[in-house]
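S.K.: Combine the two chains into a complex, taking the hints into account.
One line per chain: the protein sequences are A and B, in this order. The first sequence runs 6 to 289 under my numbering. The second sequence runs 376 to 948 under my numbering.
Hints were generated in silico from the structure; no laboratory data involved. Be a bit skeptical, because a hint or two may be false.
[Stated by the list, open to error] Below, computed lysine-lysine pairings styled on DSS-like, alpha-carbon distance capped at 25 Å:
id, chain 1, residue 1, chain 2, residue 2
1, A, K185, B, K671
2, B, K765, A, K199
3, B, K792, A, K199
4, B, K765, B, K688
5, A, K258, B, K495
6, A, K64, A, K252
7, A, K240, B, K495
8, A, K207, B, K795
9, B, K693, B, K896
10, B, K751, A, K199
11, A, K185, B, K746
12, A, K185, B, K751
13, B, K795, B, K781
14, B, K792, B, K765
15, A, K198, B, K701
16, A, K198, B, K746
17, A, K68, B, K688
18, B, K656, B, K688
19, A, K199, B, K781
20, A, K158, B, K495
21, A, K255, B, K495
22, B, K495, A, K162
23, A, K207, B, K765
24, A, K64, B, K795
25, A, K252, A, K158
26, B, K781, A, K198
27, A, K185, B, K701
28, A, K198, B, K751
29, B, K701, B, K671
30, A, K252, B, K495
31, B, K495, A, K207
32, A, K185, B, K781
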Amino acid sequence: MENRLLINLVPGDTFLHRLTGKTKVRTFIILLVYIIMSFDIRLIMPLLILTIIGLVSLKTNWKRVKYFIIVIAAVNLLNIVLFWLADPDIGSYWCGGGNTVLLSLTGRLFLSAETLWYLSVRFIKMITSFMVSLVFILSITPSEMAAGLYSIKVPYKICTIFSIAFRYIPDIARDFNNIKVSLQTRGVELDPKKASLMSRIKQNVLILVPLIITSFDRVGNISNAMDLRGFGRGKTRTYYSEHEELKADKVFKAIHIILLLFCAYWIITQNIMPQTIKMWYPFA
Amino acid sequence: MSAPIVEFKNFGFRYKTQKSPTLYDINLTIRKGEKVLILGPSGSGKSTLANCINGLNPFSYDGVITGSCKVAGMETKDASIFALSKVVGTVLQDSDAQFVGLSVGEDIAFALENQSVPRKEMLPMVDQAARIVGMEDFLMHVPYDLSGGQKQKVALAGVLHGDVELLIFDEPLASLDPRTGMTAVELIDRIHKEQNKTIVIIEHRLEDVLHRRVDRIVLMNEGRIVYDGDADSLLASDLLTRYGIREPLYIMAMKYAGCGMSPGQKLSDIHQLDLSPFEEKLKKQHLMEIEKHVPKIGEEILRVEDVTFAYGKTPVLKDVSFTIRKGEKVAFVGKNGAGKSTMAKLICGIERPRQGRVLMNGADYMSLSIKEIGEKVGYVMQNPNQMLVKDIIKDEVELAMLLRGKSRKEMDEAVKKTLKMCGLWPMRNWPVSAVSYGQKKRVTIASILVLQPDIIILDEPTAGQDFRHYTEIMEFLDELNREYGITIVFITHDMHLAIQYTDRAVVFAEGEVVADDSVFKVLSDDEVINRANLKQTSLYTLARRLGFEPEAYIEHFINYERMVRVHGKPAAD
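Chain B on its own, in the form it takes in the complex (with noise of 0.2 Å):
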C-alpha cells in the first residue's frame, strides 16, 4: 500500500456563519496514486470535505476546525492555502469564473507567475501542460472564443504544473454537454494514470463518472461518511435511493426487472458485468406487456417555418422548421453553441428571423412585440438569481402583471391562483433571499405563469441540482403539465431528464434540426447521437448486450419508468 496523501482524523468543520458543523467525525485516508469519488447530494458537504483538502476552508471561508486533516504530511490548519497549492491542484465547477487569464497560455501560466518562475522556464511548463490535455494549439486564444470542455481542459492544465500530487475536481460534468462530459472523465482518467496524480472527484452524476473505472468511492450524507468501499458493492446496495443518489439507468432497468445483485459482480461496467444471471428476468420483463404513454395533445399552438437567422454573418439557424402542439413537453438537445437557445429567443421575440415565418396560433408574430409575445411565451432562465428583481415572493410574482398596468383586482387573483399552483402561497410573503435554490426556482416559473402563457421554456431547469432537487424541480414541472395542460420545452443536456420528462426531442446540431422525433427513437440512432454530441445511454449497451433491439428497449424502459412514477411500482411479476 502506498503512502497516504490525505488523512482526516475524527475531523470536523463548522463554518463561521453557521451554528452547527457542516462535517462531522469523518475519518477518510486517501493513499498516493488512488482515484476516489467523493458522492453525495448537495448540502452533504462534499464541497466542504474537498475546501478542508485545498485549503479554502478555513483560508477563504472561515470555520472551526476539530480533529485533524493532513495533506502530504501537512496539517491543514496550520499551513497555508498557498502550501497545499503547491501539492493540491484544484479545478473548479464554474470553468468561465476560473478562467483569469486573458488568454490560454496566461491562464496556464497563472500559478507559475505567482510563483515568480522566470518566463524562459515558464514557456516550456506551460506548454508541456497544454500538451497533456490537448491545448497546446491554442495558446493565443482568449477565452470568450473557447467552449466550456475547452475551458476545463485550460483549468486542468494551469494545476498540472511541478509537484501537484493530488487533483480536485469539484463537479466537473456540471456543464458540460454529455458527450464532452464523457470526454472529460476520460480525461481525468488518462492524467490519472499517465501523470500518476491521486484524482478527488466531487460529483453527484454517479453513473457519468463511473464512464471510467474509480477505485473508490465515498458517500456522504449530512455532514457523515456513510459508505467507503468500491463501487460494484455501493451499486449493489440500496444506499444510493436511500440518499438521493440517481442510479445508473441499467442499474434501475435490472431492479424493475427484479435482477438480485450482489457485490461481487462488476455491476459499476455495464461493458464487463456478466449479464447471463439476469438474462431470463430482463428478457422476462421486457415482454412483460404495458399501457403505451399517450401524451394529451392538443391544437398546434406554435410553428416555426423555414427559420434562418444569423447573428452579423455567422449563421446560426438554417432553415429550421417544427411545430409545438398544446400540451407537449418538448426537450430542445444538442451541444453548447448549436443553436438551441438562439431559437428559444427566436421564439420569445428577442430576436427575429432573417428569413422563415415563426406562427404563434395560426398567426404570424412579427407585429407583435417582445412585451405582447411575453403574454403567450414564457422564458425561465438557467440561473434563478439572474431573474428575480424583487424583495418579496408576491412581488416578484407580481411584477409582470404590474408593468402591464393590470387592476389590483385582476393582479391579486391571478398572483394567488399561480401562487397556489406552486405551492408558493403559504410563504408569498417571505423574502425571495431566504427560500432555498428549488423555490427560487419555483419562484421564478411561477413570475412568468402570472400571465398564463401558452408555452414556457426553461434553459436547463436543472442544471447543478442534484437528484432530490432535480426530482423536486422536475416532479412540479411535470404536475404543471398533468394538472393544467401547460406547455413545456426544455432546453437540456440531460437525456436522463429528456428520456423521464420529455415526449419529443428537437435535436439542434450547427444551427439545423437533425432530428425530431420520441425521445427513444432519437436516442437509439447513431447518427444523430454523433452530429449532436449526445451519448448513447447505457440502456442502449444493455439492450445490445441482451440482442434486443434497443429502440423498443428504451421505449419499453421509459413506459415502464412512467408508470412506477405516475402510479407507483406495480407488483413485481
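If we strip away everything but chain A, and leave its shape as in the complex, we get (with noise of 0.2 Å):
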C-alpha cells in the first residue's frame, strides 16, 4: 500500500531507528522541555545542528518531507511578519531595552536590530521546535511510540489508542474511497469543474451516514477481537516492538540525565530568579 502519511508502519534501519521506543520519546520530551525553556540562540543552535544531522542520518524520502518543511518554514515567516507589524518595538523590551533603528518607514513602522535579533530567534526556534517533531516522528513507528508512552507511565489503554488508530486510518480511508466511488455512479458531483464548493460539502456529508455506520461494525468487531485475546485484562502489559536496550539506549540514558540536570539549572536560575536582561543579545 501506498503510504502518504509520514509515519512508518515498519521499523527503519538507521542509528536513529534502532533505538527503542522509550528512548525516542524521552528524548524528544526533553529536547521540548529545552527548547521551551529559553530564548537563547546558544542553545538553540547546536540542536538545530543536530535535529538537521538527524534528519539527513534517517535516509528519509525528501519527496515526502519536503512539502511539511516548506509549509511550515512559510507560515512561522509570516508569524514572524506579523508581530513585527504588531508591534516593531518588540525586540527593545527582550534585549534590554536598546533600540538601534536599521530602516524606518514610517513613524510607527520600524526595524531595529534588537528585534530582528529577537524575531530571528524565534523563528530559529520555531523551526528547531518542528525539526525536532519531525525527526521524532520519522524515527518511530506508532508500535514504539505506544511503547515508549506506556515506558513514561502513561495507562497503556491510552498507549494503545495510538497505535490502532494508526492500524486502521487506511481502512477507513479506503471505505471513504469505495463509498464515494458508488455515491458517484449514482449521481454524485465531486468534479470542482462541475459542482459548486457547498454543493461538493453537502454530498460530502452525503458519504459520511454510511461510513460512520460501516466504521462502527468494524469498532465492534475490533473490539471483540481484542477482548478475545485479553486485552484490559492485566494492570502491565508488555510489547513485541520495544526490543532490549542496545548500548546505544545506555548512551542516551546518561545524555538524558545530563539534559534533564541542566535544563533544571537553567530553569532555576533564568526563568525562576528576576532577570534584568530577558535574552542573551551579543550586540547590546
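M.R.: Below is the structure:
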C-alpha cells in the first residue's frame, strides 16, 4: 500500500530508528523542555544542527518531507512578520532596552537591530521545535510510540489508542473511497469543475452516513478481537515492538540525565529567579 | 472417551436487547480432541452458541443465561472472558478487523503482550506460532500487504499460544476464494491432528468444510439443536434441505438420479464413497435427454478492447478484451487482486483505461462522465451498509433521480416501477434500518435500477449469506434478468453461484483474462482452474470416478438443475 502519511509502520534501519521507543519518547520530551525553556540562540542553534544531522541520517524520502518543511517555514515566516507589524519595538523589551533603528518606513513602522535579533531567534526556535518533532515522527513507529509512552507511565489503554488508530486509518480511508465511488455512479458530482463548493460539501456529508455506520461495525469487531485475546486483563503489559536496550540506548540514558540536570539548572536560574536581561543579545 | 471440554446442560441464552431467547434447551458435550462442525442457517443461533463458549456472551453482549455451560471445568457465567481466553482461542469472521497489530509479528504477539510475557520469552513463542501456520517469513509485514487468507492464518497463530485447547472458527470461509478456502480447511485439519487441539467450526458451507473429515456435525435451527451426529447420516437424511443448508453438489446430483442413500455409506467423502450401488442410476440419468438452456441474448451493449490499466507503476489489467450482450448473465471470477474489481471500476468509468477502449452501445465512453455512465451501468457494492445514505426506502431509491434533477412526476413513476419490480412497494415508507440484510440488498439494487441501466454489476451479492438468503437474492436477480431482460455481471468467488445462475464466466488471473467461456467449460479446464485459484467442483470428481466426460457431465447437471429450479421437478424416470 502506498504510504501517504509521514508515519512509518515498519521500523527503519538507521541509528536513530534502532533506538527503543522508550529512548525516542524520552528524548523527544526532554528536547521539547529544552527548547521551550529559553530564547537563547547559544542553546537552540546546536540543537537545530543536530536535528538536521538527525534528519539526514534517517535517509528519509525527501519528497515526502519537503512539502511539510516548506509549509512550516512559510507559516512561521508569516507569523514573525505579523509579530513585527503588531509591535516593531518588541526587541527592545527583550534585548535590554536598546533601540538601534536600521530601517525606518514610517514613524510607527521601523526595523531595529534588537527586533530583528529577537524575531530571528524566535523563528529559529520555532523551526527547531518543528525539526525535533519531525525527526521524532520519522524515526518512530506507532507501536514504539505506544511502548515509549507506556514506559513513562501513561496507562496502556491510552497508549494503545495510538497504535490502533494508525492501524485502522488506511482501512477507513479505503471505505471512504468505496462509498464515494458508489455515490458518484449514482450521480453525486464531486468534480470541482462541475459542482460548486457548497454542493460538494453537502454531497460529502452524504458519504459520512454509511462511513460512520460501517466504522461502528468495525469498532465492534475490533473490540471483540481485543477482548478475546485478553486486552485489558492485567495492570501491566509488555510490547513485542520494544526490543531490549542496546548500547546506544544506554548512552542516550546518560545524555538524558545530563540534559535534565542542565534544564533544571537553567530553569531555576533563568526563569524562576528575577532577571534584568530577558534574552542573550551579543550586540548590546 | 476423552474428557469433555465443553458441556452445555439445559442451556439457554437471551440477549438483553431481545424479548425472546436466541438459544433454547442446548444439551451438547464436546470432548477433548474432537473436531465438530456447527451448521445452521443465519439466525439459527450458531454464532451465539460459539460466543457463549468463548465468553463474548455475556461479557461483550449482555444477556441472561439459564442452565449451565462449563468450559474446561469453568462455569462460563462465573468465569471472565480473560480466564476463558486462556483455554479457548477464537478466529473471528472478519479477518481484517481482528488484525489489531501493525505487523504480523505484533498481531501474533498481542495475546502475549496482554499477559505481560517478557519480550525474551515472547519472541520464540511468536516464532513457533507463525511457523505452525506457515507465516514465519512474514513477521515484519504490515496488514495492508497481506491477502485475506494470510490475515486469517495470522489470526489463527495469534490464538495458538500456551494452554489454548479449544479453537473456534467463526465462518472461516466467508471471504476466501475457493482455493484459499480449501487451504484453510486443510490447515485447520492439520492443526487438529498435529497440535491436538479441539476444533469447533461454525459454517453454513457444508461442502467446503467436508473437504476434510469432521468427527461430528451439530445442526442448529431457530435456537435449538436439531441434529447431533456424524456427517454421513446427516447427508443421507433430508434435514439439510429442510433447514436451508446447501447440499454438496455431488449429493444433489445423486438425488437427481434417484439414488437411495443410507447412513452406512461414506457419503461425506466423495473420494471414498462406494459408487457401485449408484452407478447404474447415475448413468441412466446422465443419458437422459434434457432441453439445453439457451439464454436469450440480444445485441452487444458493452465491448472492452485491449484494455490495460495500472495503479502507479503496478499493472493491474493487461490487454483485457471481452464483450457483453444484452440479457446476459456473466460471472467475473478469479482470486482477490486478479483484477475483477478494477475491471468493474473501469466499466463504471471510475477508473479509465491507460490503453485500449471501452465501447458502450458502440460508442467510446471516454467523453462521458461517471454520472453519465451511471445511467448505463449500475454498480452494487458488496456491503449494503456502504451504499445506503437515506432513512426511508423510497428516498434511497429516489436519490439517483433527484441528483439528476428529474421532474417530480418522472421521478415518482420511475420509483414506483422500480419498487414494484423489486417487491419493495409495500414497504416504501419503511425506515431502511428496520429491514433485513436481504431486503437492504434489494434496496441497494433498486436504488441502482431506478436509472434503468443496461447493465448492473454486483460485487459478491451473496457474501456471508446462508443458503436461504442466497437463494432469495439470486432468484430475485434471476427474475430481473428473465422478466425485464436486465444484463447482470456478478463478481464472485462462489462457484455454485456461477454454475447455477450465470451463462458465462470471464476468468481473471494476474490481470489477464485467462478464459471467457460457458461455466461448465471453465470448471472442467485444469489449467484455468489452477491459474485463477478456483477449485474443482465435486461434480468433476464424480464425473471422473464414473468415467464420464466432466465437461458434458457438468453441463448436463446445470441444465437439469435449471429445469428443476425454473419449472419444478419433472417426474423421476
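S.K.: So, for every hint listed, does it hold in this structure?
M.R.: Each hint, compared with the structure:
1. A:K185 to B:K671: violated, 35 Å
2. B:K765 to A:K199: holds, 24 Å
3. B:K792 to A:K199: violated, 30 Å
4. B:K765 to B:K688: violated, 38 Å
5. A:K258 to B:K495: Roughly 22 Å between the alpha carbons, so the hint for K258 of chain A and K495 of chain B holds.
6. A:K64 to A:K252: holds, 22 Å
7. A:K240 to B:K495: holds, 20 Å
8. A:K207 to B:K795: Since the Cα atoms of K207 of chain A and K795 of chain B sit roughly 30 Å apart, the hinted pair is violated (cutoff 25 Å).
9. B:K693 to B:K896: holds, 23 Å
10. B:K751 to A:K199: holds, 20 Å
11. A:K185 to B:K746: Since the Cα atoms of K185 of chain A and K746 of chain B sit roughly 12 Å apart, the hinted pair holds (cutoff 25 Å).
12. A:K185 to B:K751: Holds: K185 of chain A and K751 of chain B sit about 19 Å apart, inside 25 Å.
13. B:K795 to B:K781: holds, 20 Å
14. B:K792 to B:K765: holds, 19 Å
15. A:K198 to B:K701: At roughly 34 Å apart (the allowed maximum being 25 Å), K701 of chain B and K198 of chain A break the hint.
16. A:K198 to B:K746: holds, 14 Å
17. A:K68 to B:K688: Measuring from Cα to Cα gives roughly 18 Å; hence the hint holds.
18. B:K656 to B:K688: This hinted pair is violated, its Cα atoms lying about 57 Å apart.
19. A:K199 to B:K781: Holds: K199 of chain A and K781 of chain B sit about 18 Å apart, inside 25 Å.
20. A:K158 to B:K495: holds, 22 Å
21. A:K255 to B:K495: This hinted pair holds, its Cα atoms lying about 19 Å apart.
22. B:K495 to A:K162: Distance of about 23 Å is within 25 Å: holds.
23. A:K207 to B:K765: holds, 14 Å
24. A:K64 to B:K795: Roughly 63 Å separates the two Cα atoms, so the pair is violated.
25. A:K252 to A:K158: With Cα atoms ~23 Å apart, K252 of chain A and K158 of chain A stay inside 25 Å; holds.
26. B:K781 to A:K198: Holds, because 22 Å separates the two Cα atoms, which is no more than 25 Å.
27. A:K185 to B:K701: violated, 28 Å
28. A:K198 to B:K751: holds, 23 Å
29. B:K701 to B:K671: It holds: about 9 Å lies between the C-alpha atoms, which stays within 25 Å.
30. A:K252 to B:K495: holds, 18 Å
31. B:K495 to A:K207: It is violated: about 54 Å lies between the C-alpha atoms, which goes past 25 Å.
32. A:K185 to B:K781: holds, 22 Å
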